[in-house]
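Visitor: From first to last, the protein sequence lines are chains A and B. The first sequence begins at 1 in the numbering used here and counts up one residue at a time. The second sequence begins at 1 in the numbering used here and counts up one residue at a time.
Please note: incorrect hints may appear among the correct ones.
[Unchecked claim] Covered stretches of chain B (in silico footprint by chain A; criterion: 3 or more residues with CB under 8 Å from a CB of chain A, positions within the stretch not fixed):
hint: 1; segment: 150 to 160
hint: 2; segment: 179 to 185
hint: 3; segment: 194 to 205
hint: 4; segment: 311 to 324
[Said to hold, decoys possible] For lysine to aspartate or glutamate, the following EDC-like pairs were computed, each having C-alpha atoms within a straight-line distance of at most 20 Å:
hint: 5; chain 1: A; residue 1: K150; chain 2: B; residue 2: D203
hint: 6; chain 1: B; residue 1: K64; chain 2: B; residue 2: E35
hint: 7; chain 1: A; residue 1: K25; chain 2: A; residue 2: E8
hint: 8; chain 1: B; residue 1: K339; chain 2: A; residue 2: D199
hint: 9; chain 1: B; residue 1: K150; chain 2: A; residue 2: E614
hint: 10; chain 1: B; residue 1: K339; chain 2: A; residue 2: E8
hint: 11; chain 1: B; residue 1: K339; chain 2: A; residue 2: D202
hint: 12; chain 1: B; residue 1: K150; chain 2: A; residue 2: D201
hint: 13; chain 1: A; residue 1: K518; chain 2: A; residue 2: E451
hint: 14; chain 1: A; residue 1: K339; chain 2: B; residue 2: E614
hint: 15; chain 1: A; residue 1: K339; chain 2: B; residue 2: E550
hint: 16; chain 1: B; residue 1: K169; chain 2: A; residue 2: D271
hint: 17; chain 1: B; residue 1: K518; chain 2: B; residue 2: D455
hint: 18; chain 1: B; residue 1: K169; chain 2: A; residue 2: D201
hint: 19; chain 1: B; residue 1: K339; chain 2: A; residue 2: D344
hint: 20; chain 1: B; residue 1: K150; chain 2: A; residue 2: E628
hint: 21; chain 1: B; residue 1: K71; chain 2: B; residue 2: E81
hint: 22; chain 1: A; residue 1: K339; chain 2: B; residue 2: D455
hint: 23; chain 1: A; residue 1: K339; chain 2: B; residue 2: E172
hint: 24; chain 1: A; residue 1: K66; chain 2: A; residue 2: D144
hint: 25; chain 1: A; residue 1: K150; chain 2: B; residue 2: E614
hint: 26; chain 1: B; residue 1: K339; chain 2: A; residue 2: E628
hint: 27; chain 1: B; residue 1: K551; chain 2: B; residue 2: E633
hint: 28; chain 1: B; residue 1: K518; chain 2: B; residue 2: E615
hint: 29; chain 1: A; residue 1: K169; chain 2: A; residue 2: D147
hint: 30; chain 1: A; residue 1: K339; chain 2: B; residue 2: E294
hint: 31; chain 1: A; residue 1: K150; chain 2: B; residue 2: E615
hint: 32; chain 1: A; residue 1: K169; chain 2: B; residue 2: E615
hint: 33; chain 1: A; residue 1: K150; chain 2: B; residue 2: E550
hint: 34; chain 1: B; residue 1: K169; chain 2: A; residue 2: E615
hint: 35; chain 1: B; residue 1: K339; chain 2: B; residue 2: D455
It is worth saying that the hints were derived from the structure and are not from the lab. Quick reminder that beta carbons are idealized off the backbone N, C-alpha and C, glycines included.
If you want the building blocks of each chain, they are given just below.
2 protein chains.
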Amino acid sequence: MNAPANTEDHLVLFMPSGKRGRFPKGTAILDAARELGVYVESVCGGRATCGRCQIEVQEGHFAKHKISSSKDSISAVGPKEARYAEKRNLPAGRRLSCSATVQGDLVVDVPQDAIVNAQVVRKDADQRIIHRHPAVQLCYVEVDEPDMHKPLGDVDRLKAALAKDWGFKRLEADFHILNQVQSALRQGEWTVTAAIHQDQDDDVAQIIALWPGLKNEAYGIACDIGSTTIAMHLVSLLSGRVVASAGATNPQIRFGEDLMSRVSYVMMNPDGRPAMTKAVRLEISKLVDKVAAEGGIERADILDAVFVGNPIMHHLFLGIDPTEIGGAPFALAVSGAIKARAEDLRLSLNPGARLYVLPCIAGHVGADSAAVTLSEGPHRQDEMMLVVDVGTNAEIVLGNRERVVAASSPTGPAFEGAEISSGQRAAPGAIERVRIERETLEPRFRVIGSELWSDDEGFAEAVGSTGVTGICGSGIIEVIAEMYLAGIISEDGVIDGALAAKTSRIISEGRTYSYVLKEHAPRITVTQNDVRAIQLAKAALYAGTKLLMEKQGVETVDAIRFAGAFGSFIDPSYAMVLGLIPDCDLNKVSAVGNAAGTGARMALLNRQHRREIEETVRRVEKIETALEPKFQEHFVYAMALPNKVDPFPKLAEQVELPPRKVLGSDEAGGERRRRSRERRAKAADAAKNSGG
Amino acid sequence: MNAPANTEDHLVLFMPSGKRGRFPKGTAILDAARELGVYVESVCGGRATCGRCQIEVQEGHFAKHKISSSKDSISAVGPKEARYAEKRNLPAGRRLSCSATVQGDLVVDVPQDAIVNAQVVRKDADQRIIHRHPAVQLCYVEVDEPDMHKPLGDVDRLKAALAKDWGFKRLEADFHILNQVQSALRQGEWTVTAAIHQDQDDDVAQIIALWPGLKNEAYGIACDIGSTTIAMHLVSLLSGRVVASAGATNPQIRFGEDLMSRVSYVMMNPDGRPAMTKAVRLEISKLVDKVAAEGGIERADILDAVFVGNPIMHHLFLGIDPTEIGGAPFALAVSGAIKARAEDLRLSLNPGARLYVLPCIAGHVGADSAAVTLSEGPHRQDEMMLVVDVGTNAEIVLGNRERVVAASSPTGPAFEGAEISSGQRAAPGAIERVRIERETLEPRFRVIGSELWSDDEGFAEAVGSTGVTGICGSGIIEVIAEMYLAGIISEDGVIDGALAAKTSRIISEGRTYSYVLKEHAPRITVTQNDVRAIQLAKAALYAGTKLLMEKQGVETVDAIRFAGAFGSFIDPSYAMVLGLIPDCDLNKVSAVGNAAGTGARMALLNRQHRREIEETVRRVEKIETALEPKFQEHFVYAMALPNKVDPFPKLAEQVELPPRKVLGSDEAGGERRRRSRERRAKAADAAKNSGG
């Protein structure tokens, strides 16, 4: 016991965080982790009963870290741990860090999926690993029995136990805890599990819920309130896993299809705002029922909730009049993050459940954009990343570690299939992929819900009774890009009526022409107005992007992330062909699905992500396109296909380029333009070859 | 401007705090006060509009403080201040410390009554000066208008203004503020007054209420919930004045007269606890209406509330089952101070109003005792102070700066007139003063509601139709002490039947005798059982006191404070004659009225008093009489009149004294006993001569 080895501390390295420190032999791995600020879950407080604190030992020599680690560097399995392993099936190689102690230099792997009782593994939600450090944690304690010599109250002895075992400095109890504490303590025979809410390190730790004995699971919800759809995930706060997901149509649609019509409804109807608030909260409550049922849990097991949404959805959900956001100066009632109790919004979860709403970036760039930003993390990158979330408007964030700028571009709803003659929302039966034979101008297409092309055998059967119903947003992009590539429309966006002589696909509509994508029942055409609507939308999107690129002083971006449903369906090559997005290596363009939902889950599972996005939003430079004269200029040029300001290589010589600001040397500018041309050509090739 | 005088700082001394510091010429007096931590109220933040920051200059040479001060040491009245003085009637000599600046060495008086609009000055409530530093303060700010270039929300710009003008480090807004902020800011043309709640320096400052423009008054309530009576004061948080007071009978009386019967009711009836909680909260709500009406204010003007009460009242008010306090180990559900929102208790004040409940000391020593302790402050004294609050039980606190001990003695309700044959609560018609002629044994008395003695001319008319109805607690004490002094009862408490031969005032009741205090309609007698009841009660009180004195190692106390209604009516000399209280200089024995209410007001007006009592309660040593074998011993000896353990001088030679613990030298003990004898004799003299 008194051997010299004992007096020397051992190096312990935690992975994947890379945090390290020296600890005396015999230190519990859990204690070492805590001292270094490595988050390892634990409910039972080191009693080897909750099984939450699992870790693995990495063996071998880690040259980079100058450390060798072996099984002998950790203590042998003791009786408590063996009992847990036997009763609860500890996976091979896993150890309980509360019981295992440091015996030598050691590399410890903190499995990010360390889970007990994870019944359901969801494929629906993004499987990204989120480091857990939730604002709500479960803490099991053994509480002193009442003592007439030291007549402290039940709550006070509970606080003392929590302070002693869990190191909380200041603790307060929610009011509703006061009349639960007596029965919880006595029913649990002086053991209870308390849920503690602490959003910031210097916050008072708040006891928000209480159960007799050991409670080994707690949940949170992450919810993205879209104008059209509300999406909710039920997440285990202990394992981080998504255990259930559900979505519903935003019932506010009955008050107005788009955002501005909902604001108008509020302005016209004194009870419009309360009615819409009530409607959205009711639908959210139904979604809670759904995910709770699917996850097999009670509402009372839900202790935390994170919400995101665009500014109008955000205000209506919170019960705030959105009228001010409807017109200049687009003043938000509140832009910072919101902390409240679920009860404040009459949301029936656990009575102590908390609620967090991500900050809004600007009057047109909401908490959903903040969540997308948090998810994709331009502010965590060295490279210049463009994040685009296309809905009724397009929120655009461009930046890197150094600097982030953001804006909203008024694209209108064309990208969502609205304002398009045969447009529809993305749903089974909607055309989502289109190819046009360059010589014959004959089209073929694919619809949502089928893997077959329209000229494949069995297409009709595959589509079934739904039939082909219209064109969704991504289909619109493709058909117009293909029409352009096939020479049906000019760079000015005019459908070439002369082609009517060559093919029956081009038909006259009086003074303009249309392209017939599908001839019969129903006939689906692309009209000149459809092309104009997409031109306007893409010009707005591109002009906003260009504006931000100018603010950043860049002519290309290093990576592009498309968030949202539109982004999920769009083929990036066609987006680039049409000039929706700026010059970028096609391999670095990706669709990221419901990034807003992912950002909400991040904020739910790790309170440091809350600080991260609050800090990021504070320093984001907000660009209001309406105040930028250059926006209008970019917009006009960007009406061309693809864009006059940054055209396709093959158009480069044909159109008259406006004088453009060249940053860096001319030579560098020339090199940039050359690379840009190459990429554009590659995109056109990719577009040509895809779907083959 | 650049004269040497300018470069030298001036000494500024604030009275009555005595805080001092050096400040450059031109420093606003308000800023100097803030820097030194001298609390000067200000709502408008130095705009010379609220008039809250009034101070006076003291003129002359203050040798003790080595400073000379004159009218020239302060700047002349400027235009803003002159405008305020003209419009709002600044009293002569008063200056606005936000506008007046340091011009030389200066003694500044911060008037503790600095008031604007104090319509009502109450005589009812204790006129003690309480230094103000409330948990809720009003802060007027001018908020930036919305700016599209910096799209911060209304709440966020409000926070920024509050941080800038008032120095708050972390600010959060209550949820209900979010949908008020838009109209408040626009209605006030970008000026608002925010109510900020901050109970501790390291708490997040919370915006709890908001008004357009300047709001110059805010109120709080201080409420003592007694088993019998609920008393409430409405207090200006800005001036500290009590602007209205009201009281009501505790409606829980219909569920049970005394505490234990209410606990029994809860145990026997499943809906007993909710019913009693509802009843007391409803009555409190009615009292709020009363004081608000009397003070001419709205409920929404009430922003903070402090409650005290004994443990059972405390639990029932908070909605907690009090059953556990009804039996050993007398476990409180919560003993520490409680911070909540008034809304948590469905108490309708301002929607953001906060609530604070003082800590309980032990299972039988509640938040009311804590409030009495805060009010009388044994822990602030060098001398050993005994604080006694007699109700159904007697809460006893004994201590000084060094050490404080506390206990509850089971006196039963005899002191309140219960268990006494002709006993009644203190009310008009109740006998409260009694004298018995030593020779004839004829009594005379006075009743509540009349200044005349029963043998004075016009007594019957003065008493009127109410008549003489019974004896209240203080009357019981006096009649039994007088009976003892007149030789009617022995030191063992036996009514001397032999005297029946001498006077018709002594009558036989079978095996015992009674003394007839009043002969006709109704006849009021003091029976042997009445004497026994008082003997038991006083023995319990004295034994508890004696126990605490032993814990402190003292044989006498330096000062005695009687709190509560019983204490207000009792004549301290008679209390000492009967042996209710230990040996003490009679001049240092005083009744302090509703000290619990005073303590509640202190906690309302100064958040540092909250910390003071929390800290004091933590360190108070709690003595449970049931666990102390010595208590029973003291109790038995104290049954004698006055007490065998510490008897009256004239009895000292007659009764056999038990061996007693003598602290310090025998000589000192002898000296103590000699002084004790003198004081007792003086008390008997005083009793003999009073009412003459």
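Visitor: Give a verdict on every hint.
Guide: For each hint, the structure was consulted:
no.	hint	verdict
1	150 to 160	holds (count 8)
2	179 to 185	holds (count 3)
3	194 to 205	holds (count 3)
4	311 to 324	holds (count 5)
5	K150(A) / D203(B)	violated, 28 Å
6	K64(B) / E35(B)	violated, 23 Å
7	K25(A) / E8(A)	holds, 8 Å
8	K339(B) / D199(A)	holds, 19 Å
9	K150(B) / E614(A)	holds, 15 Å
10	K339(B) / E8(A)	violated, 48 Å
11	K339(B) / D202(A)	holds, 18 Å
12	K150(B) / D201(A)	violated, 29 Å
13	K518(A) / E451(A)	holds, 18 Å
14	K339(A) / E614(B)	violated, 28 Å
15	K339(A) / E550(B)	violated, 53 Å
16	K169(B) / D271(A)	violated, 38 Å
17	K518(B) / D455(B)	holds, 12 Å
18	K169(B) / D201(A)	holds, 15 Å
19	K339(B) / D344(A)	holds, 18 Å
20	K150(B) / E628(A)	holds, 14 Å
21	K71(B) / E81(B)	holds, 16 Å
22	K339(A) / D455(B)	violated, 72 Å
23	K339(A) / E172(B)	holds, 8 Å
24	K66(A) / D144(A)	violated, 46 Å
25	K150(A) / E614(B)	holds, 15 Å
26	K339(B) / E628(A)	violated, 50 Å
27	K551(B) / E633(B)	holds, 15 Å
28	K518(B) / E615(B)	violated, 51 Å
29	K169(A) / D147(A)	violated, 23 Å
30	K339(A) / E294(B)	violated, 38 Å
31	K150(A) / E615(B)	holds, 15 Å
32	K169(A) / E615(B)	holds, 16 Å
33	K150(A) / E550(B)	holds, 19 Å
34	K169(B) / E615(A)	holds, 16 Å
35	K339(B) / D455(B)	violated, 55 Å
Consistency with the previously given hints fails for numbers 5, 6, 10, 12, 14, 15, 16, 22, 24, 26, 28, 29, 30 and 35, ordered from lowest to highest.
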